[in-house]
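In the order they appear, the protein sequences are chains A and B. For the first sequence, position 96 matches number 905 in this note's numbering, and the numbering has no gaps at all. For the second sequence, position 64 matches number 295 in this note's numbering, and the numbering has no gaps at all.
Just so you know, these hints were derived from the structure itself, not from any lab. Worth double-checking, as some hints may not be accurate.
Stated by the list, open to error - Below, a list of computed lysine to aspartate or glutamate pairs in the EDC-like style, where the Cα atoms sit at most 20 Å apart:
| id | chain 1 | residue 1 | chain 2 | residue 2 |
| --- | --- | --- | --- | --- |
| 1 | B | K275 | A | D901 |
| 2 | B | K285 | A | D901 |
| 3 | A | K812 | B | E273 |
| 4 | B | K246 | B | E314 |
| 5 | B | K309 | B | E283 |
| 6 | A | K861 | B | E336 |
| 7 | A | K863 | B | E336 |
| 8 | B | K272 | B | E336 |
| 9 | A | K861 | A | D891 |
| 10 | B | K275 | A | D876 |
| 11 | B | K285 | B | D255 |
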Amino acid sequence: LAKTTQPISMDSYEGQEVNITCSHNNIATNDYITWYQQFPSQGPRFIIQGYKTKVTNEVASLFIPADRKSSTLSLPRVSLSDTAVYYCLVGDAWPPGANNLFFGTGTRLTVIP
Amino acid sequence: EAGVTQFPSHSVIEKGQTVTLRCDPISGHDNLYWYRRVMGKEIKFLLHFVKESKQDESGMPNNRFLAERTGGTYSTLKVQPAELEDSGVYFCASSPGTPPFSYHENIQYFGAGTRLSVL
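Please model the complete structure; the sequences and the hints are all you need to start from.
Written as structure tokens, this is what we have:
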């Protein structure tokens with residue numbers, strides 16, 4: 810059973826802010842939200858993680874509304890190098906496993922010059 | 232600090248042969264994970280080691296797959312005998328944290344993967 814729903818693909822022009830929303834209607838109390846980025850021929854790379862409200866780091870921001878049934882990854886001023894697949898994972902930290910480490914199809918972001 | 236390294240980066244074998252994939256986690260990471268993506272499908276969890284012990288191997292597809300982590304350091308994933316449907320990319324990841332860890336301790340660091348082609 811898929812725990813998350815993301816758009817399959819998105820296009821954006823360089824320099825724009827990109828927001829990728831992930832739906833997770835059945836999120837459990839102990840679940841947290843993690844986003845990974847994957848470039849071709851590489852493994853996924855951790856971007857950001859959060860439980861509620863807003864989290865910001867040097868790469869992105871993560872917005873989580875009070876009901877936690879969705880989350881939005883925000884990439885400020887994207888560049889061509891941000892073209893990648895972005896995965897939203899929802900799950901409890903322990904125990905990890907197939908249910909908590911479900912990558913889904915991800916969102917393929919294409920940044921256009 | 233060295234990241235997660237996987238070897239080989241690409242392996243081409245014939246159906247029925249044996250292949251062994253290796254993963255070296257980040258030094259000091261007790262948790263090691265194997266994943267795979269086959270034929271353009273989703274990345275799927277295979278198993279999780281805590282040190283040398285298998286914590287969860289529920290994602291292993293069948294008994295042709297054997298994962299080991301001797302001494303709690305590097306890990307190997309052996310496929311014997313390989314079948315056509317085993318073709319795909321096998322990823323390894325590691326994370327710090329002592330079980331049962333909290334979410335901020337389970338950020339996983341992935342290797343570049345091994346692309347396995349079974350002909």
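message = Let me make sure I understand: some of the numbered hints might not hold for this structure. Which ones are they, in numerical order?
response = 8, 9, 10
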